[in-house]
Amino acid sequence: MTATTVRSAGLRVDPVTLTVIDNYLATTCREMGIAMMRTAYSPMFNESLDFSCVMFDRFGRMISQAEFCPSQIGTIKFTVEWMIDELGADVYKPGDVIIMNDPYRGSGHIPEHTLLKAIFYDGEIVAFVANCAHLAEPGAKAPGGLAGDATDIFQEGLRLPPLWLQREGISQEDIWKIIFANHRTPKTTHGDLMAMMGSLNVAERRIISLIDRYGMETYRDASEDLMTVAERRMREEIRAIPNGEYTFEDVIEDDGVSDHSYSVRVCVVVDDDQITCDFTGSSEQAKGPMNGTFAVTASAVYNALMHLTDPTIPRNEGVYRPIHTVAPPGTIVNCEFPAPLVGGNTELSPRITDVIFGALASAIPDRIPASLGGTSCCFLFGGEHPDDGELYSHFHFEGIGWGGRPHKDGNSQVIVINGNCRNTPVEVFESRYPIRVESYRLLEDSGGPGLNRGGLGIERILTMETEAITVSAIFNRMTVDPFGLHGGKPGMNSGIYVRFAGTAEWKTFTEAFGTHSPSKFSNLTLHRGDQVKIVAPGGGGWGDALRRPLARVKADLDEGFITPAAAASHYGVTAVQAADGTWNVAPVVGRNK
Amino acid sequence: MTGRWIERSPMYLSFDIYNCNYCGKNVPRNVWLEEMGGDLVSFCSPEVAQIYVRTRRHPENIRSEKAGGLTDELREVRRSCAALRDRREAAESK
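Chains as they are written, first to last, in our numbering: chain U, 6 to 598; chain D, 9 to 102.
Keep in mind that the hints were calculated from the coordinates and are not lab data.
Mixed in with the good hints, there may be bad ones.
[Said to hold, decoys possible] Coverage of chain U stretches by chain D, computed from C-beta distances (three or more under 8 Å per stretch; other residues unrestricted):
1. 82-90
2. 103-114
3. 293-306
4. 332-346
[What the hints assert, rightly or not] If you want a taste of the chain D side facing chain U, the calculated C-beta under 10 Å gives, among others:
5. Phe-23
6. Tyr-30
7. Lys-33
8. Asn-34
9. Glu-55
10. Val-56
11. Ile-59
[Unchecked claim] Simulated restraints, written as ranges between beta carbons of each label pair:
12. Gly-534(U) x Ser-101(D): 36 to 44 Å
13. Pro-54(D) x Tyr-445(U): 50 to 58 Å
14. Lys-146(U) x Ile-25(D): 22 to 30 Å
15. Asp-278(U) x Ile-25(D): 28 to 36 Å
The beta-carbon is built from N, C-alpha and C at its ideal position, and this holds for glycine as well.
Next up, chain U with everything else stripped away, as it sits in the complex (with noise of 0.2 Å):
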């Protein structure tokens, strides 16, 4: 990363008054999350936090944003950029509100909905609030809205174009009643909207209580300059990555309809202070949902160089603009509609992140990590609640291990790059659903081997706790290693297992139900007392694992993080465990000390 010490040229606001505007614009993006969180009804929000929060300028311009999920603040650029430009900047009025939950109008898939509040004063519009969020019923075929065996983008959910959900301060109720009445779960989904709708009155507020203290003419003038010093500084960071093309591929394993894999190809081209990234000679639009549009494929792209670069930097529209996409139509990372794409969001998102990465992995070889796993685990439930009869469903994910890195292990049980969400704690889980969480621990030897071993992965066990469950689930890494690095070893694969009640053997749903892929599938029915088992993969190790020191192949023995046979055949240590526990170890004959 590159020191900055250097002013942007023309700045008109002085560098305090302009720090202090920009923190209070993040801050206020993560007020508005806070609203969300407290005020939603779903776990999906106040547990998983998946959601994200966004503010523009007059010109439907990013002016700032905070820590949420990165697939959804890159894709909300091209979502308010279509809201705008769709219905014409001169149509808003002071309490509008405008929902759009289109993925072939920006949106990252059918659950996630964006809200848009024009924000007045002195009777002009002077910003644009945003905010975007996975509600957990879309009104799909399958309960939660991530069906692995979609077909088209009419299975995914009610497709909603940009609509009033508020005019003027007033409640739209033919648009709230179409809405309810596609959804299994309607209270969830108006009490979700609702906090989404109180989030941009904080925003609004805020906006305008910065106006009245600083003044309209250095508000615009901040805005203006955080967009030049974000360009700026992100121009720098990448003139410091050595010119030249750089490529990589990795596979969408299948598509939960067909037996074809998909490639996903990129060639990042960096060319001074600017960087394209080009998917020419991807694979063709998958059958399955597992596609991209442009706005998933453009959002993974930035995710992968926020990843990379310096974190310090405003995250505002200056720094997409040096960025470039190229994601021809037709093909898996830009389908062209109607085709299926719930699971591109969640699945081909990380494996884009993953190809740049990859892509860049000689380039600058000190900043990249091996492969994380890779996969939300999706895994959907829905049905009728025993306790009070009424329908229910839930999108959960799983942390992953992810990749190795230069200088550290990989992290362990995290949610996928393309989340930064949480998954739902167990004593909400059980209290909020039928389902009993059986076990749940990290998973030993699942992480890459390598000099800096990749993340754990984990596995769960479920048990069903009413007569009839309505199961989903969209996973990837089920048959495609996460890779290493730099000689580390690959990750641990996924998966996704059933135990019918009274029974021993675990089965993948494929052997259990004769579904075509099995880690994409949909409304399967589950009994009381039947089981089932996750298994979320690790990440890939960097480095070769034989450099790997001692102390720390004795601390992963001792954690239970690797297993004595690993050590040996992966890290060439003898282990023999002492009396209290803890392992002594000993290099074999050859290996590094």
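Position chain D relative to chain U; hints supplied.
Below, chain D without anything else, positioned relative to chain U:
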């Protein structure tokens, strides 16, 4: 650049997606048209049209693959891609 913006009508009864000729981005309403070699070529913005011109003038700069850029990891991934492809083709031939 010497092109111009044109405005498309909003979609109503049909849903026609309009993609930028260079980057593939879905364009909502305003399209940048540039005349190139006698043809009108559409882009999502004049900036992207500029990139298109710059890279097409130097086609060797993009979309090519340097043998030297192949890392061991890429070779490994390619091998797994090829293995999957073989498996698929074998299944299809049955």
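Consistency of the hints with the structure:
1. Three residues within the 8 Å Cβ limit are the bar, and the segment 82-90 of chain U against chain D gives 4, so the coverage statement holds.
2. Given as covered by chain D, the segment 103-114 of chain U passes the check, having 3 residues with a CB less than 8 Å from a CB of that chain where 3 are the minimum.
3. Counting residues of the segment 293-306 of chain U whose C-beta lies closer than 8 Å to any C-beta of chain D gives 4; at least three are required, and the coverage claim holds.
4. For the segment 332-346 of chain U, the assignment as covered by chain D holds, since 6 residues bring a beta-carbon within under 8 Å of that chain's beta-carbons and 3 suffice.
5. For the restraint placing Phe-23(D) at the interface with chain U, the shortest Cβ-Cβ distance is roughly 6 Å, inside the 10 Å limit, so the hint holds.
6. This hint holds: Tyr-30(D) has a C-beta 7 Å from the nearest C-beta of chain U, less than the 10 Å allowed.
7. Taking 10 Å as the C-beta cut-off, the interface hint given for Lys-33(D) holds, the closest approach to chain U being about 5 Å.
8. The beta carbon of Asn-34(D) comes within 6 Å of a beta carbon in chain U, closer than 10 Å, and the hint placing it at the interface holds.
9. Taking 10 Å as the C-beta contact cut-off toward chain U, the hint placing Glu-55(D) at the interface holds, the least distance being around 8 Å.
10. For Val-56(D), the interface hint holds, the least distance from its beta-carbon to any beta-carbon of chain U being 7 Å, beneath 10 Å.
11. At about 6 Å, the closest approach between the beta carbon of Ile-59(D) and any beta carbon in chain U falls short of 10 Å, and the interface hint on this residue holds.
12. Checked against the given bound of 36 to 44 Å, the beta carbons of Gly-534(U) and Ser-101(D), roughly 42 Å apart, stay inside it.
13. Separation of Pro-54(D) from Tyr-445(U) is about 53 Å and conforms to the stated range, judged on CB atoms against 50 to 58 Å.
14. Hint check: Lys-146(U) to Ile-25(D), Cβ distance near 23 Å, so the stated range 22 to 30 Å holds.
15. Range check, Asp-278(U) to Ile-25(D): about 32 Å between beta-carbon atoms, so the 28 to 36 Å window is met.
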